[in-house]
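Going by the working numbering, the sequence shown opens with residue 1, and the numbers climb by one from there.
Do not take every clue at face value.
Said to hold, decoys possible - When the alpha-carbon atoms are kept at most 27 Å apart in a straight line, the in silico DSSO-like pairs for lysine-lysine are as follows:
#1 104 - 133
#2 133 - 65
#3 112 - 133
#4 104 - 127
#5 74 - 133
#6 127 - 65
#7 65 - 112
#8 65 - 104
#9 74 - 112
#10 127 - 74
Note that these hints are calculated values from the structure, not bench results.
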Amino acid sequence: MAETDVGHEPPPPPPKSRTWRTRLRGWKPIVAAIVIIPIFLFAIYTFTTLTWSYSEGDRAGVLQKFSSRGFLCKTWEGELAMSTIPGGAPTIWSFTVRDADVAKQVNEGIGKRVVLHYGEHLGVPTKCFGDTKYFVNGVRVSE
1 MAETDVGHEP
11 PPPPPKSRTW
21 RTRLRGWKPI
31 VAAIVIIPIF
41 LFAIYTFTTL
51 TWSYSEGDRA
61 GVLQKFSSRG
71 FLCKTWEGEL
81 AMSTIPGGAP
91 TIWSFTVRDA
101 DVAKQVNEGI
111 GKRVVLHYGE
121 HLGVPTKCFG
131 DTKYFVNGVR
141 VSE
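Using the sequences provided together with the hints, build the complete structure.
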């Protein structure tokens with residue numbers, strides 16, 4: 001008669017292979033970090049370039065062009081004709097206005113001699129915020 005193994009348990013079943021869902025469960029935080037961290041850094045960089053001004057100043061001349069431009073991101077873009085000597089060829093200075101109230105004031109000065117107060121913002125990442133690096137934040141009409 002053959003001896004039987006009394007009291008011994010059958011061997012455990014082999015471990016189930018992990019499915020693709022269980023494999024990805026550990027990667028979700030890593031993938032989220034890879035996506036979220038660059039977006040967060042881009043947002044901080046954009047905020048910094050738009051709030052920190054490299055230089056500020058005033059430019060005087062005749063406002064010759066001012067219009068709202070853009071398909072998705074509408075910005076106000078303008079040109080100021082600056083003349084160093086009467087009768088000389090003017091130098092054209094392009095600028096951007098982001099504030100609607102300032103844009104209204106600038107629009108009232110078309111064809112007149114104006115003094116524009118501006119800030120120069122270097123490294124703005126896209127043209128969505130303006131076509132130039134000069135952002136006008138104040139205007140004075142000087143007749």
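Taking the numbered hints from earlier one at a time, note which ones the structure violates and give those numbers from smallest to largest. Every hint satisfied by this model.
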